[in-house]
Each structure stands twice: as structure tokens, then as C-alpha cells.
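Student: Spelled out from the first residue to the last, the chains are:
2 protein chains.
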Amino acid sequence: MVPHLTTALKGPLLDLERRFLSEQPAIERWFRTQWLEHTIPFYTSVDLRNSGFKLAPVDTNLFPGGFNNLNPDFWPLCVQAAQSAIEKICPEARGVLVIPENHTRNQYYLQNVAQLTQILRQAGLKVRIGSLLPEITQPTAMQLPNGGSLTLEPIQRKGNRLGMADGFDPCVVLLNNDLSAGVPDILKNLEQNVMPPLEAGWTTRRKSKHFAAYDRVADEFAKLLEIDPWLINPYFAMCGEVDFHARTGEECLAAQVDTVLRQIRVKYAEYGVKEDPFVIVKADAGTYGMGIMTVKDPSEVRDLNRKQRNKMAVVKEGMQVSDVLIQEGVYTFEDINGAVAEPVIYMVDHFVVGGFYRVHTSRGVDENLNAPGMSFSPLAFESCCAFPNPDCAPDDTPNRFYAYGVVGRLAMLAAAVELAEMQQ
Amino acid sequence: MVPHLTTALKGPLLDLERRFLSEQPAIERWFRTQWLEHTIPFYTSVDLRNSGFKLAPVDTNLFPGGFNNLNPDFWPLCVQAAQSAIEKICPEARGVLVIPENHTRNQYYLQNVAQLTQILRQAGLKVRIGSLLPEITQPTAMQLPNGGSLTLEPIQRKGNRLGMADGFDPCVVLLNNDLSAGVPDILKNLEQNVMPPLEAGWTTRRKSKHFAAYDRVADEFAKLLEIDPWLINPYFAMCGEVDFHARTGEECLAAQVDTVLRQIRVKYAEYGVKEDPFVIVKADAGTYGMGIMTVKDPSEVRDLNRKQRNKMAVVKEGMQVSDVLIQEGVYTFEDINGAVAEPVIYMVDHFVVGGFYRVHTSRGVDENLNAPGMSFSPLAFESCCAFPNPDCAPDDTPNRFYAYGVVGRLAMLAAAVELAEMQQ
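If you're matching them up, the sequences are chains A and B in order.
Heads up: the first sequence runs through residues 4 to 427, numbered per the numbering used here.
Heads up: the second sequence runs through residues 4 to 427, numbered per the numbering used here.
Honestly, the hints are just simulated from the structure, not real lab data.
As the structure is a prediction and not an experimental result, all values here were calculated from the model.
Quick reminder that beta carbons are idealized off the backbone N, C-alpha and C, glycines included.
A few of these clues could be false.
As the list claims (entries may be wrong) - Taking CB as the label site, the calculated pair distances span: (1) A:Glu-138 to B:Ala-396: 54 to 64 Å; (2) A:Glu-229 to B:Gln-110: 53 to 63 Å; (3) B:Glu-229 to A:Phe-171: 16 to 26 Å; (4) A:Leu-39 to B:Ala-396: 35 to 45 Å.
As the list claims (entries may be wrong) - Chain B regions said to be covered by chain A (calculated; three or more residues, Cβ under 8 Å): (5) 36-46; (6) 334-345.
As the list claims (entries may be wrong) - Pairs of lysine to aspartate or glutamate, EDC-like flavour, derived with a Cα cap of 16 Å: (7) A:Lys-161 to A:Glu-194; (8) B:Lys-91 to A:Glu-90; (9) B:Lys-91 to A:Glu-40.
Next up, chain A with everything else stripped away, as it sits in the complex (with noise of 0.2 Å):
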């Protein structure tokens, strides 16, 4: 099922939409000749927007939670996609281990690993869990809510290897760590291949970044389409040096926010867009939605209180925000039985393998879906994103999927060519 779309505007998506199907062979074999010539992530996941005049990423993680969202039924994708990965990247790999969050509370984000660490298996390699916490000391065992359970064991360093203390030495290091908080050592230099990079832990990544390298990408492809980048590109502005406590920085934002709100009212003129402008400010390193505001004008930036601030000023495990990101707020139309529903879409290697809504009964169409003490409703795909069927409607489910699944592997490739650039 696609969710409905409750926009009354529709009609630049069913476009966009029609000329995916149509140029679906063009855009196939740009995709593939893109492949060559860049490093893809190992995994990738993209927040998407849909708001009927506009498809586009919000963010691109490179350490995807979430793989226990995925419809089951494609899980035979996700391996043969990860075979199809390792085949690259390390042909000669027996053991893989695997270094999650330290997140042992939450059960779902267990559940992602177990799920992962299934996927590996199944796709022929040895999988151990490697945690980063010093309490774990021993093998300890997590139950999880599907009756399932997760074995978390040490980690230990000898020279530059990663490995366990009877012996097992892998020959590559998974990260589904984001390294908000820092590189720790024992990841430092390491002989083994290390997928995601170090690089691309938010220690080092920026979203402002990623997004400079989604415009080159985005504006290739909407050549390559005649299509106006901006239908799947949100605009973006950043600011250094902002300080909310100090209150320092609050003119930069101010007048950024300034600058991306009349750019976009500039295309709502030109498609005859009726809603407000929006932007989303938010922490230019970090994730889990801490520190997100939606703003509609830029004084709203100029005179936040005590607790916007406090909020503004704290992302994951207590980065210091210093640099901010001004993005394009793209609204969601889709709903699924009056409940805003956002969708993400999940690659490994360059293959799209699947996806969800993040499904949210009390959160508005202008507000950011993968917020703090947010618990969204996961409702997996039933279409792969691979499947257009040209007989249907450009919007029908088959053709709808397909449509997030080249926009995400837009995103993904973007982040290619953003690592790419950081490892230089």
C-alpha cells in the first residue's frame, strides 16, 4: 500500500513520477555507469519527503538502524546484496565483526543488529558482535522481544587488529556505530577494512556536505531527465560558529534562514504551491533528531528561550552543536489513516533492498519524523522499489517505490562522492 497523498497540488509528482517510468532504462544505465565510477557505501538508509510537489532526502544515514523494519519477504534481496558487497570490497572475507550502538535499552535498535547479523550470515560469513562498552567483559547474551537473543562480547586490540580474546580475527570491522561521540582508540588505524570509513562517523561527516554533493548529483541527473533539480532537491544554507547558550552565531542563522525562505518562495510561486515556506535547522554533525526546529520566519531564530535553546544546544551524547545546517523543509503529504507517514528507504551496496514509513499519529506535516521520543509505527513496503510496472498509473504501488527508490539511490550516491571527497 502507498500511503494516500493528501495534497490537493499533486500534479509536479505524478510528472516526475511519469518521467521516471518512462526513462527508466536512461536512468538505469546512468545509474550503472555511476556505479563504476564511484565507492559505494556498504549500507545506506534515506529519510525521504513527500509532499506531492516534491520528492526529496532529508537525510542520508550511513550506519542504518532499522534492517528489523524491512518486509521480510525481501529479506533474500538484503543478502544477496550483501554478497554482492563483500564480493567487492573483501572477496577473501571469512569473519566479520559487527560494532553496534551502545544503545543495550533499546530492544528495537537490538533487533536491527540481530536482523543484520542474520543477513551476514545467511550471505556466508562468520558474524560476531563486538561492543564498545567497557561493562561488557564477558559474552552476555540480550533478550530480545521476538523471543530471539543477541550476543554482545568484548572487543580486543592486538597490534592494529580487532578481534576476540578465543581467537577470532575478522577481516573486516562493520560499523553500525555512528561515532557520534568521538573515534574511540581502539578503532584507530586498524589493519582491517573498516566499512563505513572512519570518515563517515559524525566525528568527521557533515550534512552540509552531503547535501553540496546531492546538488552536483541531483543536478546531473535532472540534465539527464529535463526536469527541474529543485522537485528533488531541498535547498540548504549552513552557519558556522553558532553557539545557542552563548547566543552567539544568531544573526548568521537569522539571515540563512532568511535566504532559504525566499528561495523557496520563489518555486511555491512558480508550481503554485499555497502552503508556508518552512525550514528545518537542525545540528550540521549528529543524528537522532535532537536539536531539530522547524522554523517559518527568520525572527523565530532571533529570540528562542531558555529551553529551545538548552534543546537546540545538546545532540547524541552530548556533541557540542557548533555548526549549523538550514534545509529546505519539505512537507509530508503521504498519510496513511490520518497518520503522517514518511518513508525510508534501505540500500546495500548500490541495491535498493527494500523500505519503510515511519508512520506518526501526533506529528504535523512540517515537523521532522525521527525526533527525540519519537515512536513511529514502522510499516514495511510490500513493493522492493525495484519493480516499476509501466502498465500501471505513474503513482500505483509498483511505480510509486520506484520512484523513492531512485531518489534514495540519488542520496546514496551523493554520499559516495562525499566520502570520496573526505578521504582525499
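Dock chain B against chain A, hints included.
Tutor: Only chain B this time, still in chain A's reference frame:
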């Protein structure tokens, strides 16, 4: 569902399946290194026989029909694998010209072509079906039993390129025609990529070369797993210059039948197999089960009556038999509701994408199940063969299918070796 194994002696197979399971990481790693060293055929299907004491390939088809018999749940795997193959072989491809067999009256075959076309379209290619039949002088829609239709179109050759009258100029020619009638001039010396290569057709291909390559592949794999290669490999021998009409070559045939039967007897004694050894005598080139005999004693090939000689002397499209393969017969003790079942494994690129059972109520456990006039019921595998589950018994559904997928891939690897040798 996995068919019931009706043999009392299934210990060797259980051991084999157990070994495949416990060594899965080593097996998959070995396959990955093989994929790097060999050019893998675009697609392959492999007929297996499972006697409980042995699981072996008996035929490897490089122009597989029967894609319509696969479980629709796993079509996404076919699409993803096709994308992977195209990416490696011809990333720049936009259009594909599929050249099917000339069986326009075989509606099951036409459904296979339709399914194959659908897979390629969903992988993002422009696909047209070019017929070699002289009577196809304009686009001709064929009705399919499932309600769909398929358009066959005349091919045009311009210089060294194949295309169609309206300017369709494909990058790739995909053969789904095994060239039993010889290589038509229109296919010779094309500048386009032809997949599989023309050498893979029965004009030049020989089963004895395939099984000679399989001998080496199976030996190397058996060494890796420390198993007896006979458990996965049928003995074979060949005779050249056999003319059943002129009754020349009968002595060679009888001698080779005797040799292979003796070899089998030694192994049957070693494993305590109580059944009668038998061999299958078939054309070394050619397909579709024409000219196939089950033989339990050398005398049987010495005194063929006229009817038997006529049956053996003619294969598909009138090719004359001259080289003959004598292959160890492998009993089929897999049984679905009393009917004999033979598994067929499908691969696209090097990925196992599914399979089905040929189920036949009126044939014996020692007969070829892909014989003329044979109307088998296809029973799609419920598993994609990529999903072993170490928590289940070695002969439980996912694990039995994993074993099929391993042996199927060994045969496909042998085909890759065989093709490389032919092209040297």
C-alpha cells in the same frame, strides 16, 4: 516443501548437507574467489538428481527456459541478479535483443520468454524479441495461456549489427536459443556483445567437455570440504564416431558402458548401496532429452532394434548423433505424493535465484525426466536456496535447498571454465 526421500540409504546425503552447512562461510568465500577468476555465464539452469547417497548435476543448460516456473516471490532476486550481470558485462547497455527458440507453438516456452523479458525490463533495459523464423516478417503478437501476450519481431542486420526496422539498435544480444540447428549466418561476427557467446550453442558445445571441467571443479571443492568428490560428481565416458543407423561404434559404446558400470559398482559397494548401477547414454551435443537411453548392461547397446536406433540417431532439429556421452545414472529418490521429482536450479549471473521440481507421475527413478513428450508439473521451490538455517536439521527445507544451490553453482562454474577453454 522438500520432496520425501524414499531411499533407506540417505546417510551420505545427510552428512554432505551437514558439511555444507557447517562450512558455509568457507564455501561462500571459495565461490567469491572463483567469481573473480572466471567469466560467469549470464544465466544457467542445472538439472540435479538426488539419490539420498549422492547429489549431482546431470545437465547444465546455458540457454535456460522455464523462468516462468520459478516462484514469483523470488522474481526480485532475478531482477537484482540481472542488474548485477549487466553491470559487469555491459554497463553501457540500453537495449537488449532477445533471440528465443523457434518453438512458437510451445506456449509454456513463450511464457518463459515473457518472464525473461519482464525481468530484463524491470532491471532497466529496453527489451525486444527478435525471431529467427522467416515467417515472422512483421511484429506478431502471440497470446499466452496466462492471458498476457508476447510480440515477436523480425530482425534486421545492418553491417555487423543486429537491430530492427524501426531503428532499435541494441547494445546486447541475449540468446535464449541453444543453436542446435547450427549458428545462423545472421548471428555470426556481430560487433554487439552476444550473451552467452555463440560457442555455448550445441553446434560447438559438448557435454563431455562440460563434465571434464566439472571433474576439476568438483575435485577442488571436495578437497576444500574434505569429502569424496563422487558424492557430487557422476562418472562419465564418451565415444566419438557413433552412427546408430550404420551400427558403427557399438563396440566402443559397449566397452565404455561397461567401464562406467564397473566404476559405479565399486562406489556402490563402498557406500553399501543396494540398487543396480545404471548409465544414461545420450548425445554429447544437443538437448531436449531426445536420443536418451537408460542402460544397465553393456549388451543392451549392442543389440538395438530399428526403433531404438531411430530414437537414438535423431536429436533436436535433425542433428546427426556422432559423439555419445555415457554418464553414470543417478537415481532420483525424491518423491512428491508418489511421483518422481527432479530439482532444477536457476542462476542469473552467479546468484542462485530459485528453482523448481520436475514432477512426473509416469516415469521411473532411473529415467531421464527431461525427455520428449514429457509433461512434467513444475513445482516452484519455496526457498530461494540462499538461506541456510543452521538451527534446522540438515535436510530441512532451507538447508536441502542450500545444498542444491551449492551443487548448482559448482556446475555453473564448470560451464564458465568450459566456455573459457572453448574461446581460447
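Student: Please go over all the hints and tell whether each is borne out by the structure.
Tutor: Verification of the supplied hints:
no.	hint	verdict
1	A:Glu-138 to B:Ala-396: 54 to 64 Å	38 Å, violated
2	A:Glu-229 to B:Gln-110: 53 to 63 Å	42 Å, violated
3	B:Glu-229 to A:Phe-171: 16 to 26 Å	22 Å, holds
4	A:Leu-39 to B:Ala-396: 35 to 45 Å	44 Å, holds
5	36-46	holds (count 3)
6	334-345	violated (count 0)
7	A:Lys-161 to A:Glu-194	11 Å, holds
8	B:Lys-91 to A:Glu-90	13 Å, holds
9	B:Lys-91 to A:Glu-40	13 Å, holds
Violated hints, in rising order: 1, 2 and 6; the structure is consistent with all others.
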